[in-house]
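Peer 1: Go by the hints and put chain G onto chain E.
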Amino acid sequence: MTQETLIQEINYLLFLAVLTVTLLSCAAYLVFFLSQKKPIRRWARFLLIGSWILQSGYIVTRYMTVGSTPITTYHEAVFFFAWATTSAYLSFRWRYTVRNFGTFVSMLVLGLLIGSSLASRDIIPLEPALQSLWLPVHAGISLIAYGFLGLAFCGGLMYLLQERELKSRKLGYFFSRLPSLEALDQLNSHCLAVGFAFLTLGMVTGIFWSKQAWGTYWRWNPKEVCSLIIWCIYLVQIHQRFTVGWRGRRGAQMIVGGFVVVLITLWLVIT
Amino acid sequence: MSKKHISLIGVNHKSTPLEVREKVALTSGYEETLNRLRDEEAHEYYVLSTCNRVELIWVSEDTAESTPRMLRFLFGDAVDSAEWDGYSYIYHDRDAVAHLFKVSASLDSLVVGEAQILGQIKEAYRYASQYGCTGPLLNKLLHKSFSVAKRVRSETGIGSAAVSISSAAVELARKIFGNLGDKKVLLIGAGEMAELAAEHLLGQGVEGITVANRTLSRAVALAKRFNGSACSLEELAEQIETVDIIVSSTGSSELILRSDDVRPLMKVRKNRPLFFIDIAVPRDLDPELNEIENVFLYDIDDLSQVVQMNRSEREKEAVKAERIVEEETLKFAQWQDGLTITPTISALRKKADRICISEVSRTLARMNLSDSERQKVEKLAQSITAKMLHDPLQFLKSESCRKGDDSKIDMVRTVFGLENDDPDN
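Which chain is which? The protein sequence lines are E and G, in order. Its first residue numbered 1, the first sequence is counted upward by one per residue in the working numbering. Its first residue numbered 1, the second sequence is counted upward by one per residue in the working numbering.
In isolation and in its complexed conformation, chain E is listed as follows (with noise of 0.2 Å):
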């Protein structure tokens, strides 16, 4: 066996220990929301950090296979996307604390990550005009943006729920589950700031590679105006939270909507 076929055969079962793991981690978040009891919690979290280094390793070992940064097709964006969420969790976690926010993350990134399983995961060699550096900045920077907004796409759910229950008084499941308003409210604005702050990082270097690569700063092919459209409806949100006060249940239905047309331009874009 060549070194390149073990590495191969390595970076397929690291994708199945990372699917195996997040499942796991995820089914520990669900029994803990569940049941409220706080080893579970625990343990839930050691899975997740497990799957978020497992997750590393798979792509630290795809990028030994393939040559480049794994970041150009739709298995390898979608991964790297979990990736950024995970990552951006664990970075957030560090500061605060937004109670049963982990379950709704691990859904997410479970779902990210059965969604980059589902597409083929061949290698497909890259243009060798867009072969450069910029690339991996770029592709990188825009992707953990996009784990950013995910977030605040959970907490936004997390507010829709709650705040549902407030409105209509009877408190169920939830009320005692789910964090207070403002926390959720804050925890949205952080991420969109932060989300936010990335998108625009990623809009400028990937003018900058377009530049490189094609000679021309700005193309109007569908993936800039797709982008370009993105950035607007979060500069329209950033813009209204911070100077008219659109929060609350507006802020958090514009976080959530916003993500779902992240997710269509995504899979229309790179496939």
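Keep in mind the hints are simulated off the structure, nothing from the lab. A portion of the hints provided could be inaccurate.
Stated by the list, open to error - Derived DSSO-like pairs (lysine-lysine); straight-line CA-CA distance at most 30 Å:
#1 E:K170 x G:K350
#2 E:K167 x G:K23
#3 E:K37 x G:K316
#4 E:K170 x G:K270
#5 G:K14 x E:K170
#6 G:K350 x G:K408
#7 E:K167 x G:K184
#8 G:K270 x G:K4
#9 G:K316 x G:K122
#10 G:K267 x E:K170
#11 E:K167 x G:K267
#12 G:K351 x G:K144
#13 E:K170 x G:K23
#14 G:K140 x G:K14
#15 G:K3 x G:K270
#16 G:K331 x G:K14
#17 G:K331 x E:K167
#18 E:K167 x G:K351
#19 G:K4 x G:K140
#20 G:K122 x G:K270
#21 G:K320 x G:K144
#22 G:K350 x G:K122
#23 E:K170 x G:K184
#24 G:K316 x E:K38
Peer 2: Frame of chain E, contents of chain G only:
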């Protein structure tokens, strides 16, 4: 003499929706209601009105005749007479006593175990006795209800586990605002409930409290207690721009805030959430307020939902408390049965005989007397007690007592201490 019956009718949070209770609630206060009740020809009567219940207790000889009159009094023209039965509950005699005990022990409260109800019953009783509406039967009954409440509180864990309406409101506020440390509270109306809510919120460390009241002096007085500020009702809109939690508990029969008043303020607030708590009956706040984005409105019935959550733990203690209520109801019934002439006479005689026999036998045991001397001493003691009892017995048998004036019998029983120490009664 025919027996007197204690009867009770009422509406509460379980039997009647808020909209109907609002119409029944005595906005005119106890004084006027008690005066109007005077015309209803009951021997004794008592009215309790809180935000969760309105109850009438009266004493009559013919319950079949008096009950419809009292129902009419309670509902007036506000509610269609066909619906009266559905909304109200009616108890007589032992059931009425048990119900009152349950209410005073806070077993029938929206928030089981909350302590406010006893204070409210005491206040209502103070009015009733001040206007001479209560007699021996109700005096005894209400005093008994206070001691039942005390007993339940000390012998069961129902009070310690109690979460009052205001702490339910605090729980909700924390779900909306998270940390209450930088939040401001506005109290509209300076009633007792508002005070209690303010205390709870201060306990959670809210930043400041403002009190708005129709009479500014009361607002100032209450604000001073909480280190807050006072304002008049005209300044409400201005206040709502800056506060976060609003507790309204005025006695007003009209809405104080409409949703159209608040909607424009949300822009000024930059959509920061507002939490309205309406603990007034009739309601102070427009139910439409809840339709505004980032505004949350809870009235008393909604708060009960929140409270439901920790009800199960208290249910166990409630069973213990129910047993105490049953026991005390039985005791009261025994007392009431004794409140007729024949049992009183026999109790009096028994007590005298018992004292006579025990004292004589104690003395004779230490003396060395012949049988005939012994008999003479016994006779002496007996005739002294008989002479002593003659007048009280005569009084009991006289016309004035025969007419059924319980208070005289009650007096005799009290003077001779027949309540506590007849072991075989």
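Peer 1: Each hint should be assessed against the structure and marked as holding or not.
Peer 2: How the hints compare with the structure:
| no. | hint | verdict |
| --- | --- | --- |
| 1 | E:K170 x G:K350 | violated, 62 Å |
| 2 | E:K167 x G:K23 | holds, 26 Å |
| 3 | E:K37 x G:K316 | holds, 25 Å |
| 4 | E:K170 x G:K270 | holds, 27 Å |
| 5 | G:K14 x E:K170 | holds, 17 Å |
| 6 | G:K350 x G:K408 | holds, 20 Å |
| 7 | E:K167 x G:K184 | holds, 21 Å |
| 8 | G:K270 x G:K4 | violated, 65 Å |
| 9 | G:K316 x G:K122 | holds, 27 Å |
| 10 | G:K267 x E:K170 | holds, 28 Å |
| 11 | E:K167 x G:K267 | holds, 20 Å |
| 12 | G:K351 x G:K144 | holds, 24 Å |
| 13 | E:K170 x G:K23 | holds, 25 Å |
| 14 | G:K140 x G:K14 | holds, 28 Å |
| 15 | G:K3 x G:K270 | violated, 68 Å |
| 16 | G:K331 x G:K14 | holds, 28 Å |
| 17 | G:K331 x E:K167 | violated, 48 Å |
| 18 | E:K167 x G:K351 | violated, 67 Å |
| 19 | G:K4 x G:K140 | holds, 14 Å |
| 20 | G:K122 x G:K270 | violated, 46 Å |
| 21 | G:K320 x G:K144 | holds, 18 Å |
| 22 | G:K350 x G:K122 | violated, 36 Å |
| 23 | E:K170 x G:K184 | holds, 25 Å |
| 24 | G:K316 x E:K38 | holds, 27 Å |
Consistency note: the structure conflicts with the earlier hints numbered 1, 8, 15, 17, 18, 20 and 22.
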